[in-house]
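From first to last, the protein sequence lines are chains P, G, V and Y.
Using the UniProt record's numbering, the letters of the first sequence map in sequence onto residues 1 to 267.
Using the UniProt record's numbering, the letters of the second sequence map in sequence onto residues 1 to 267.
Using the UniProt record's numbering, the letters of the third sequence map in sequence onto residues 1 to 267.
Using the UniProt record's numbering, the letters of the fourth sequence map in sequence onto residues 1 to 267.
The set of hints was computed from the structure by calculation and includes no laboratory data.
If you're wondering where the values come from, they're calculated on a predicted model, not measured in any experiment.
Be a bit skeptical, because a hint or two may be false.
The list cannot tell twin chains apart, which means a pair is met if one copy fits it or any two copies do.
For lysine-lysine, the following BS3-like pairs were computed, each having C-alpha atoms within a straight-line distance of at most 27 Å [said to hold, decoys possible]:
{"no.": "1", "residue 1": "Lys119", "residue 2": "Lys246"}
{"no.": "2", "residue 1": "Lys170", "residue 2": "Lys43"}
{"no.": "3", "residue 1": "Lys145", "residue 2": "Lys246"}
{"no.": "4", "residue 1": "Lys176", "residue 2": "Lys119"}
{"no.": "5", "residue 1": "Lys119", "residue 2": "Lys239"}
{"no.": "6", "residue 1": "Lys246", "residue 2": "Lys88"}
{"no.": "7", "residue 1": "Lys119", "residue 2": "Lys170"}
{"no.": "8", "residue 1": "Lys246", "residue 2": "Lys43"}
{"no.": "9", "residue 1": "Lys160", "residue 2": "Lys145"}
{"no.": "10", "residue 1": "Lys239", "residue 2": "Lys145"}
{"no.": "11", "residue 1": "Lys145", "residue 2": "Lys43"}
{"no.": "12", "residue 1": "Lys39", "residue 2": "Lys246"}
{"no.": "13", "residue 1": "Lys113", "residue 2": "Lys46"}
{"no.": "14", "residue 1": "Lys145", "residue 2": "Lys46"}
{"no.": "15", "residue 1": "Lys145", "residue 2": "Lys88"}
{"no.": "16", "residue 1": "Lys176", "residue 2": "Lys246"}
{"no.": "17", "residue 1": "Lys46", "residue 2": "Lys176"}
{"no.": "18", "residue 1": "Lys176", "residue 2": "Lys239"}
4 protein chains.
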Amino acid sequence: MTETINIMLAGPRGKMGSEALNMIEGTDHFQLVGCVDRKHQGKTIKEIDGLPDIDAPIYSDAQEAFDRLNADVFIDLTNPESGYVHTKLALNHHIRPVIGTSGFSEDQLDELKQLSSDKQTGIVIAPNFAIGAVLMMRFSQMAAKYFDSVEIIEKHHDEKLDAPSGTAVKTAQLIKEVRDSHQQGHPDEQESLPGARGANVDGMHIHSVRLPGYIAQQEVIFGQSGQTLTINHNSTDRKSFMSGVKFAVEQVMTIDHFVYGLENLME
Amino acid sequence: MTETINIMLAGPRGKMGSEALNMIEGTDHFQLVGCVDRKHQGKTIKEIDGLPDIDAPIYSDAQEAFDRLNADVFIDLTNPESGYVHTKLALNHHIRPVIGTSGFSEDQLDELKQLSSDKQTGIVIAPNFAIGAVLMMRFSQMAAKYFDSVEIIEKHHDEKLDAPSGTAVKTAQLIKEVRDSHQQGHPDEQESLPGARGANVDGMHIHSVRLPGYIAQQEVIFGQSGQTLTINHNSTDRKSFMSGVKFAVEQVMTIDHFVYGLENLME
Amino acid sequence: MTETINIMLAGPRGKMGSEALNMIEGTDHFQLVGCVDRKHQGKTIKEIDGLPDIDAPIYSDAQEAFDRLNADVFIDLTNPESGYVHTKLALNHHIRPVIGTSGFSEDQLDELKQLSSDKQTGIVIAPNFAIGAVLMMRFSQMAAKYFDSVEIIEKHHDEKLDAPSGTAVKTAQLIKEVRDSHQQGHPDEQESLPGARGANVDGMHIHSVRLPGYIAQQEVIFGQSGQTLTINHNSTDRKSFMSGVKFAVEQVMTIDHFVYGLENLME
Amino acid sequence: MTETINIMLAGPRGKMGSEALNMIEGTDHFQLVGCVDRKHQGKTIKEIDGLPDIDAPIYSDAQEAFDRLNADVFIDLTNPESGYVHTKLALNHHIRPVIGTSGFSEDQLDELKQLSSDKQTGIVIAPNFAIGAVLMMRFSQMAAKYFDSVEIIEKHHDEKLDAPSGTAVKTAQLIKEVRDSHQQGHPDEQESLPGARGANVDGMHIHSVRLPGYIAQQEVIFGQSGQTLTINHNSTDRKSFMSGVKFAVEQVMTIDHFVYGLENLME
Numbered sequence: 001m002t003e004t005i006n007i008m009l010a011g012p013r014g015k016m017g018s019e020a021l022n023m024i025e026g027t028d029h030f031q032l033v034g035c036v037d038r039k040h041q042g043k044t045i046k047e048i049d050g051l052p053d054i055d056a057p058i059y060s061d062a063q064e065a066f067d068r069l070n071a072d073v074f075i076d077l078t079n080p081e082s083g084y085v086h087t088k089l090a091l092n093h094h095i096r097p098v099i100g101t102s103g104f105s106e107d108q109l110d111e112l113k114q115l116s117s118d119k120q121t122g123i124v125i126a127p128n129f130a131i132g133a134v135l136m137m138r139f140s141q142m143a144a145k146y147f148d149s150v151e152i153i154e155k156h157h158d159e160k161l162d163a164p165s166g167t168a169v170k171t172a173q174l175i176k177e178v179r180d181s182h183q184q185g186h187p188d189e190q191e192s193l194p195g196a197r198g199a200n201v202d203g204m205h206i207h208s209v210r211l212p213g214y215i216a217q218q219e220v221i222f223g224q225s226g227q228t229l230t231i232n233h234n235s236t237d238r239k240s241f242m243s244g245v246k247f248a249v250e251q252v253m254t255i256d257h258f259v260y261g262l263e264n265l266m267e
Numbered sequence: 001m002t003e004t005i006n007i008m009l010a011g012p013r014g015k016m017g018s019e020a021l022n023m024i025e026g027t028d029h030f031q032l033v034g035c036v037d038r039k040h041q042g043k044t045i046k047e048i049d050g051l052p053d054i055d056a057p058i059y060s061d062a063q064e065a066f067d068r069l070n071a072d073v074f075i076d077l078t079n080p081e082s083g084y085v086h087t088k089l090a091l092n093h094h095i096r097p098v099i100g101t102s103g104f105s106e107d108q109l110d111e112l113k114q115l116s117s118d119k120q121t122g123i124v125i126a127p128n129f130a131i132g133a134v135l136m137m138r139f140s141q142m143a144a145k146y147f148d149s150v151e152i153i154e155k156h157h158d159e160k161l162d163a164p165s166g167t168a169v170k171t172a173q174l175i176k177e178v179r180d181s182h183q184q185g186h187p188d189e190q191e192s193l194p195g196a197r198g199a200n201v202d203g204m205h206i207h208s209v210r211l212p213g214y215i216a217q218q219e220v221i222f223g224q225s226g227q228t229l230t231i232n233h234n235s236t237d238r239k240s241f242m243s244g245v246k247f248a249v250e251q252v253m254t255i256d257h258f259v260y261g262l263e264n265l266m267e
Numbered sequence: 001m002t003e004t005i006n007i008m009l010a011g012p013r014g015k016m017g018s019e020a021l022n023m024i025e026g027t028d029h030f031q032l033v034g035c036v037d038r039k040h041q042g043k044t045i046k047e048i049d050g051l052p053d054i055d056a057p058i059y060s061d062a063q064e065a066f067d068r069l070n071a072d073v074f075i076d077l078t079n080p081e082s083g084y085v086h087t088k089l090a091l092n093h094h095i096r097p098v099i100g101t102s103g104f105s106e107d108q109l110d111e112l113k114q115l116s117s118d119k120q121t122g123i124v125i126a127p128n129f130a131i132g133a134v135l136m137m138r139f140s141q142m143a144a145k146y147f148d149s150v151e152i153i154e155k156h157h158d159e160k161l162d163a164p165s166g167t168a169v170k171t172a173q174l175i176k177e178v179r180d181s182h183q184q185g186h187p188d189e190q191e192s193l194p195g196a197r198g199a200n201v202d203g204m205h206i207h208s209v210r211l212p213g214y215i216a217q218q219e220v221i222f223g224q225s226g227q228t229l230t231i232n233h234n235s236t237d238r239k240s241f242m243s244g245v246k247f248a249v250e251q252v253m254t255i256d257h258f259v260y261g262l263e264n265l266m267e
Numbered sequence: 001m002t003e004t005i006n007i008m009l010a011g012p013r014g015k016m017g018s019e020a021l022n023m024i025e026g027t028d029h030f031q032l033v034g035c036v037d038r039k040h041q042g043k044t045i046k047e048i049d050g051l052p053d054i055d056a057p058i059y060s061d062a063q064e065a066f067d068r069l070n071a072d073v074f075i076d077l078t079n080p081e082s083g084y085v086h087t088k089l090a091l092n093h094h095i096r097p098v099i100g101t102s103g104f105s106e107d108q109l110d111e112l113k114q115l116s117s118d119k120q121t122g123i124v125i126a127p128n129f130a131i132g133a134v135l136m137m138r139f140s141q142m143a144a145k146y147f148d149s150v151e152i153i154e155k156h157h158d159e160k161l162d163a164p165s166g167t168a169v170k171t172a173q174l175i176k177e178v179r180d181s182h183q184q185g186h187p188d189e190q191e192s193l194p195g196a197r198g199a200n201v202d203g204m205h206i207h208s209v210r211l212p213g214y215i216a217q218q219e220v221i222f223g224q225s226g227q228t229l230t231i232n233h234n235s236t237d238r239k240s241f242m243s244g245v246k247f248a249v250e251q252v253m254t255i256d257h258f259v260y261g262l263e264n265l266m267e
């Protein structure tokens with residue numbers, strides 16, 4: 001792990017991007033060799049207000065960046081549209097992509113998988129870089145084999161518009177894969193006030209709390225006669241994603257194929 | 001508090017009753033002088049299988065019990081019907097009643113209040129003897145003056161048929177008394193799965209979890225920009241009621257009027 | 001509460017100060033009339049980089065500020081030294097001070113109390129503006145009358161050097177005031193690893209967790225046979241102090257005397 | 001899983017034993033064929049006061065029981081001394097043992113392992129039958145690969161004499177196996193009150209709460225910049241062990257070797 005990994009980054013000025021710059025700068029064996037940014041062609045990162053003091057060139061033309069820079073890993077923190085174009089360029093240049101988006105279509109994923117195979121170049125696409133959240137979902141799926149009953153409570157700030165959260169629904173779906181379909185709770189239970197028992201995903205109940213003061217939290221509670229087992233992930237800052245990005249960069253160096261989801265990089 | 005309090009108990013063989021006998025026996029300044037029980041006329045408590053070794057007589061005729069026994073406090077742990085008759089007998093004998101039921105009608109409560117006043121005899125009627133639950137509700141009402149947003153999560157075993165719990169609804173109603181009516185959460189929030197946001201009591205959301213492994217738990221969560229304040233009561237055993245009964249017995253000795261709810265005995 | 005309150009602020013560029021500016025700007029019935037700042041004499045707030053768009057003059061000479069500005073309330077978010085000088089100036093000008101520091105000496109507090117009385121001008125000094133924390137301590141003191149056993153767990157980021165936290169120790173001291181001194185836990189309990197049972201304040205145990213990912217959290221757990229009652233305050237952002245500042249500003253308008261601690265403004 | 005498993009049980013009158021009888025009776029594909037009990041030779045289970053209505057013979061002589069009964073699995077819920085004798089008898093009769101004790105010596109374990117191998121008969125020895133606790137430890141070990149910092153809080157009733165709990169120490173040891181040894185917290189952190197930071201196991205801090213109202217609870221908290229991941233196991237009743245016993249009985253039917261710990265039966 002002590003050999004230096006040379007990194008290209010697309011999207012250095014976004015919230016995630018600037019955190020990624022800090023993470024790269026703070027990691028001894030990571031080296032930023034350049035960035036792709038639609039603005040600031042010809043400048044260096046350290047010349048941009050608010051970005052860390054790194055002497056790496058910025059290219060507004062992605063093609064040019066991939067032609068000129070000599071990188072091991074390409075991190076994309078832009079958007080699905082640009083990310084898709086960048087990712088193909090990276091694979092074609094045998095630079096391993098680490099991509100944080102859930103926005104690619106099935107067709108796009110298939111194409112990238114094929115291209116990774118053709119080029120024998122590793123790629124990691126991660127819809128969620130929060131390692132704690134990924135572990136929460138993985139542990140939930142494991143626990144579901146031994147506990148018949150589970151409910152999910154997710155708590156977010158009250159600016160969040162949708163309920164339940166995508167993570168809560170995904171957790172329920174992962175659990176559903178490993179258990180026999182069944183309704184939970186007493187068969188004769190009654191709601192005296194509608195909604196009290198939450199949303200129902202294949203018998204599992206999901207509850208969404210929306211309060212100022214919360215950022216993003218989820219607890220998955222397994223119950224059985226005489227015991228409960230609870231797995232709780234609490235996210236307080238987007239810095240939490242950076243340990244996942246770092247992990248993905250290190251892992252993509254060890255593979256030559258397509259991986260979707262950090263959970264598939266874990267032992 | 002070191003002067004002995006002489007106690008009569010109705011309902012010694014019920015679950016609550018037998019816990020009360022243990023509590024009385026374990027309290028130095030409490031003395032059981034006799035019991036009312038529809039069975040076992042003429043026996044003593046220690047002669048009944050499963051009850052503690054107390055040499056106190058049992059009367060099946062309540063009138064006779066009140067005529068013969070010299071008590072300071074009368075505890076009723078039977079049912080609303082018998083309890084109502086017993087309570088009037090107690091007040092008429094100037095014996096202070098401590099009654100644990102939520103089953104009296106408004107008319108019955110009014111009548112007992114008048115009788116307490118006529119006889120200048122203190123009486124405590126407590127629908128909930130769990131001191132922790134009473135404090136939770138009281139603190140919630142206090143916190144609501146300083147926090148605009150609150151949600152309630154109550155968790156019970158999956159044999160419970162009704163949702164939300166009576167305590168959750170009562171907590172919301174107590175909070176409602178002290179705040180301006182308003183809806184919480186984002187005005188544009190959407191449930192992609194119905195019920196996710198729980199039941200709605202005047203803008204407050206209530207979530208009911210039903211899982212084996214839980215007994216009875218409630219958390220009241222207040223949120224505000226940058227902070228949350230949570231009050232959590234967890235009941236694991238009906239022994240929890242006995243500290244409330246003990247508190248009520250001690251307090252009823254200090255009053256000469258009608259009190260409804262332990263919260264009104266607290267400073 | 002709809003009459004406008006005119007406010008002076010000292011320390012507008014500090015972290016707390018700039019949050020206070022946002023709070024004042026976001027509150028309809030608050031009006032900023034001017035600031036005291038050792039820099040930027042003669043400018044207005046909106047001319048300072050990073051501060052909100054408020055057209056209020058800055059004075060570097062506090063005496064001049066108090067002479068020229070017509071304010072109802074003076075908020076000081078500087079430091080104990082400047083704060084002490086400012087507070088006396090404010091009282092002498094019959095402007096009600098709201099001061100957030102725990103750094104005044106007993107002598108200074110006595111002097112300010114006397115001056116407040118002489119000038120018949122209300123003043124609030126609050127060592128803690130987090131309303132949730134103040135309520136947590138208040139509820140803890142109330143619950144301690146009904147529960148003999150309590151432990152405190154406080155959780156902070158791992159940059160915090162001291163353990164236990166000042167709030168945890170203060171909470172224990174407040175509880176100590178209202179209960180008979182006694183040791184908790186089993187008399188024969190043994191630590192097989194030293195420190196397992198935490199710090200001991202008059203029989204109450206305090207546990208300090210230090211982990212990255214936490215900001216500032218404290219739970220106070222009361223236990224009794226069959227039940228626990230937990231009060232948990234979680235602070236995720238210094239914005240949490242602003243509801244306390246706002247509350248103090250509104251309350252100081254209703255008093256003409258010296259108050260120390262937000263808890264003494266609560267009903 | 002629908003083929004009936006014939007079960008022998010030693011220790012039917014103990015707390016665990018009687019729960020095991022209920023579990024066997026409540027499981028369709030389990031059949032009790034007889035019990036070993038030092039009392040009640042010649043009676044059947046249903047003749048013993050307080051035991052369920054099962055018509056299975058009791059033997060006080062274990063040798064005789066193993067000679068006469070035709071069982072697939074032998075469950076021992078007695079004590080290490082008897083358990084050791086019984087287990088050897090079971091293996092010699094090619095009856096698969098499921099043993100719940102942590103009291104066997106290394107020599108005894110080696111001998112049983114050899115005997116299992118010689119007889120090609122599966123055996124499960126489980127020091128902890130609480131599946132939730134086993135999963136908590138397993139998940140903790142997995143999470144430790146991705147989180148450098150962890151603390152453990154265990155909460156028990158105040159009748160417990162030792163601190164920290166055996167489960168907490170074992171959890172720390174399991175984590176220690178998979179991480180580089182390092183101290184946590186700030187290098188300059190100071191305890192102003194001794195014990196505040198808890199016990200220290202190879203840099204991990206363990207905190208032991210002892211309060212009435214708790215039964216047995218443990219939370220393992222992993223922290224990282226911007227996120228925490230918490231795994232919490234709460235045991236409220238010894239019934240919680242029975243799902244583990246049931247799981248072990250089902251699994252022991254599928255193996256022909258020695259397994260120590262339920263975690264080694266999990267996928």
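Hint check:
1. Lys119 to Lys246: Classified as within: same-chain Cα gap 23 Å, cross-chain 50 Å, threshold 27 Å.
2. Lys170 to Lys43: Neither. Shortest intra-copy (42 Å) and inter-copy (54 Å) distances fail the 27 Å Cα cut-off.
3. Lys145 to Lys246: between (31 Å within a copy, 14 Å between copies)
4. Lys176 to Lys119: Neither way: Lys176 and Lys119 sit 36 Å apart in one copy and 40 Å across, limit 27 Å.
5. Lys119 to Lys239: neither (33 Å within a copy, 51 Å between copies)
6. Lys246 to Lys88: within (21 Å within a copy, 52 Å between copies)
7. Lys119 to Lys170: Neither: 32 Å inside a chain and 46 Å across chains, both beyond 27 Å.
8. Lys246 to Lys43: within (25 Å within a copy, 46 Å between copies)
9. Lys160 to Lys145: Between copies only: 25 Å across chains, 32 Å inside a chain, cut-off 27 Å.
10. Lys239 to Lys145: between (33 Å within a copy, 19 Å between copies)
11. Lys145 to Lys43: Neither way: Lys145 and Lys43 sit 54 Å apart in one copy and 39 Å across, limit 27 Å.
12. Lys39 to Lys246: within (25 Å within a copy, 42 Å between copies)
13. Lys113 to Lys46: Cα proximity of Lys113 and Lys46: none, with 35 Å in one copy and 53 Å across.
14. Lys145 to Lys46: Neither way: Lys145 and Lys46 sit 51 Å apart in one copy and 34 Å across, limit 27 Å.
15. Lys145 to Lys88: Intra 39 Å, inter 32 Å, cutoff 27 Å: neither.
16. Lys176 to Lys246: between (30 Å within a copy, 23 Å between copies)
17. Lys46 to Lys176: Close neither inside one copy (48 Å) nor across copies (41 Å); limit 27 Å.
18. Lys176 to Lys239: Result: close only across copies, 26 Å inter versus 31 Å intra.
Hints 2, 4, 5, 7, 11, 13, 14, 15, 17 from the list above are not met by this structure, while the remaining hints are.
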